[in-house]
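Those protein sequence lines, which keep their order, are chains A, B, C and D.
In terms of this note's numbering, the first sequence opens at residue 1 and continues consecutively.
In terms of this note's numbering, the second sequence opens at residue 333 and continues consecutively.
In terms of this note's numbering, the third sequence opens at residue 488 and continues consecutively.
In terms of this note's numbering, the fourth sequence opens at residue 854 and continues consecutively.
The set of hints was computed from the structure by calculation and includes no laboratory data.
Careful: at least some of the hints might be erroneous.
Far from chain B, by Cβ distances over 12 Å, these chain C residues were calculated [stated by the list, open to error]: (1) Lys491; (2) Arg495; (3) Arg635; (4) Met639; (5) Thr678; (6) Gly689; (7) Thr704; (8) Glu737; (9) Val830; (10) Asn831.
Chain A side only, calculated, beta carbon under 7 Å to chain C, not exhaustive [to be verified]: (11) Lys150; (12) Gly300; (13) Pro302; (14) Ile304; (15) Gln306; (16) Lys309.
Since the model is a prediction, treat every value here as computed from it, not as a measurement.
Every residue gets a Cβ at the ideal spot worked out from N, C-alpha and C, and that includes glycine.
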Amino acid sequence: MIFDYVYSIVSRFVFSPLSYIISFIIIAILAVIVTAFIPVFIGWVDRKYSARIQSRYGPVYVGPFGLLQNFADLTKMLGKRFIATNIDVLAFNFTPIVVATSSFAMLLLLPLGAPGLEFISIPYSLLFVYTLLAISPLLLLVAGWGENNKYALIGGFRGAAQIISYELALIIVLSSVALLSGSYSIPAIVAGQSSIWYGLYLPVTLLIFIISGLAIIEREPFDVPEASQELQAGWKVEYSGIRYGFFLIGDYVRVTVIAMLVTYLFLGGWLGPVLPGVLWFIIKAAIVLMIILTPRWIFGRPRIDQLIKFGWNWLLPLAILNLILVELFVVL
Amino acid sequence: MENLSEKLIKEFNGKLDAIKGQNNLNIVALKNKKLIKKLSWEIKNYFDILYTLTVVDYSPVFELNYVFSNYENDDILIVKVNLDEKDLSIDSITDIFDSANWEEREAYDLFGIKFNGHPDLRRILLPEDWPGHPLRKSFEINDEVRHWTGLDLKF
Amino acid sequence: MEHKDRIRMNIGPVHPAMHGVLKLILDVEGDTVVKAEPEIGFLHRASEKIAEMRYFSNYYPIMDKLDYVSALNMEILYASTVEKAAGITISERATYMRTIMAEIQRIMSHLIFIGSLGEDFGNLTSFIWALRERELLMTIVEKISGGRLAPMYMCNGGMFYDFPEGIDKDILEALDKIENKVKHEYSAVFTKNQIFLSRTKGIGIMTKDMIKRYGITGPIARASGINRDLRKVSPYLAYDKVDFDVPVEENGDTYSRFIVRLNEILESIKIIRQCLKQLPAGNYKTAVPWIIRIPKKDTFVKQESSRGEMGIFLVTDGSDKPYRLKLRSPTFFAIRALEELLVNVKVADAFVIVASIDPVMGEVDR
Amino acid sequence: MEESNEFSYPGMSEVIFMKAQKFIDTVLNWGRSNSLWPLTFGTSCCAIEMMTFGATKVDSDRLGVLFVGDSPRQSDLILVSGTITKKMARRLLNVYEQMPDPKYVIAVGACNISGGLYHDSYNTIDGIDRIMPVDAFVPGCPPRPEEFLDAVRVLQKLIKENKSKAQKNGKS
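Isolated chain A, as found in the complex:
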């Protein structure tokens, strides 16, 4: 636990109440660095990877191998002027701020590759992360309303409908994993997989988790709310400058979070022979990340009614059935 570690160091030099605040500030700075690193690096991976699929090069000139490309994008967004007309100021600004802070919070709660390497540890971290992921329908509706734009409104409605129909499946799947390990805390879940990974004997659960996870973070093929061909950018259509940059950061952070969750819940986290745990974790998470990034570039986009029908008619019953089976398994 990084916070405790920092606090123990700081409290040697500064008296108690102040040291608490100082260590919070240090943690915040560290978290910002980590959070800023993720969109820059994962975004670069995404762009390069998509370029390779499309037999292109992708960014080349900015930094070595174009590594700084997304950093340049964010820098540019900082320097953009703000432009919007007839917006609901509160609703308009609410969404990017919450997206940014919830992305921070998710990374604060998740262990970064080894037990004890999380910024703040609480016993129900998994539930908390789920809550932060599932906050989006509210955000989408508020943003779509606040932007005073028809595309955004339709996008917001679509997004809320989509996420509500998939988040139920996600929480049920999470519960079945928690049931199996007897805990909502990630280290305990990982420790429960020391004999065999949950993903190996719960492959259906893993599949449901990935699908509903993709739907919740609106990654293609589930990007119906922002459907750039129909709704331009859907509920993001009016956002410019760094507000849009927050969404960019939020997008990539949430993709990373889903990849990390898959690794922790189903692929044994940092468990693995010979190599150190962190390395194992990075290898697993990278593979999962690549798998998650791929559908965007090879699938089209289903229609919103097909998507929701799939969610309610297939995914949710399957998840419930899965939960019952796991429960039976645990009880017997």
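Guided by the hints, dock chains B, C and D onto chain A, whose structure is given.
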């Protein structure tokens, strides 16, 4: 096809002229523009669609060329109708040939020919506030026309 | 407003999914379109008026920019019209060369269609792949004519240049590659892709009656079971000397329109191969003076362009310029069908249907 | 501007402020020039070549020109490719005004430079610099996709040297 134009000419005795010998096209000329609807109903038996409608400005006369075609074979029939400059109006044939709808709107837009009974006779290609009908021979493309942007610019 | 839960969406003329500058005014209830009205005219460049100011030989660049996705088809149509009006006969080699160029252009145009259809239901990769394959043929057009999108290759009486040495080998090589991709890769991305099937099958159905009512021709009509292709009905150029089929589908939905065009690519490949085999020696050009005068007459020529039946009504009066030139464009008629076609579909499907019509606004607005 | 004859040295704080401002400008210009997200205002023939510019052979993404295909709000660069007719001109201006500053314009094709083929048409705008400030022109009818790369390079250079129209007009 020769039969068709002859048959049509017989039916509309005196009102329809045959023009032959031009690139093997079936061309008939309709003398009285009020008969265009009757003729269209007759043509509907043989042809499916209005292929295109060409207006030619021989001021003071505007010549309308209705080109009919069908899906089964290669035949086309051209019906020529002359309109006088003073009375640029003719009955619309949209209720007979639905494909004439936008062609007639285009003729209205570019030549200013009124089609009586057209369901939605508006400009189709040019902005609503465009002055004049540009494809007429009398329309002169001068600097004023070329520099008109329809915008209220300050610089 | 009487309907309180209706939203009016003005889509286009600037919209990532709009083909060119088509504007759609959609009345939307929830996610369903209840009323649609296409609006055109945003690319009306006055091609017909300009024709009255240009010599017959100087009008080719404008023809190029009409249907800019299949520019060579347009050039060939105009050349045929002028030659018919002026009584110029072209050599047999020229007809074969024109057939080859027309079919190359048809493949390129259909590739763009396939790509943009893929893009409109969210698959950007298919679009970039289609452009990649198109680039193979683009290189060949570049080698032959020197131009890319607007090649300016045809002229009155034939072509400006002969085929360069060894081009047939290049063409065959490119065709092999494209045939391979179309048969294998595209079927994986499109015809075997469940999402694509669910997005296109049974969507935007055009009945035979609707096709005839609106006067729609070309691949869209053939997708609805109307077996009409001017290349077969009234063969021009060298189409009566080659063997090819006309792909026809019965359903009339978006999927059929896609399959018809996909199969047309394969048929075009067949035609080009035969033409290259039969290509006779001889003149590629009949000597025609740059400025010609055509006596007073009406000429009407129609040909099968990649989008349907394109026609030119040429009125000449004995001068060196056309007196009136009217272009009959196929998508001008097809776009009007959108008012009926888009009613009661989902907003997302509306875009796929528009893409399946494959409009090129340069040709619609002229 | 009033001219003053007296010459005074800037104070320490002013120097630091100016230096800091210059540093921030340099960083921002670096970001701006390397991340030009285009709004693809494709109306006609040039639009097809513009797509080729983003596709396999030429690949605009190498220069950071990412075709997001999104709204004007998120774009920095408007690629006006294709003839602008009079009906379209007001839409073009409308879209241009929806883009946040600093924004740049590249006019593609002969029609947008001078009218080109359609110079004697009654319905086209002869050169869009008549209605909006243009940073770079791409000649050709239509231009080859490689020429787009050149225009982007020119624009990047202009931005880095603080010479683009947006920066000159104080809108950065």
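Q: Determine which of the earlier numbered hints do not hold for this structure and return their numbers in increasing order.
A: 7 and 16
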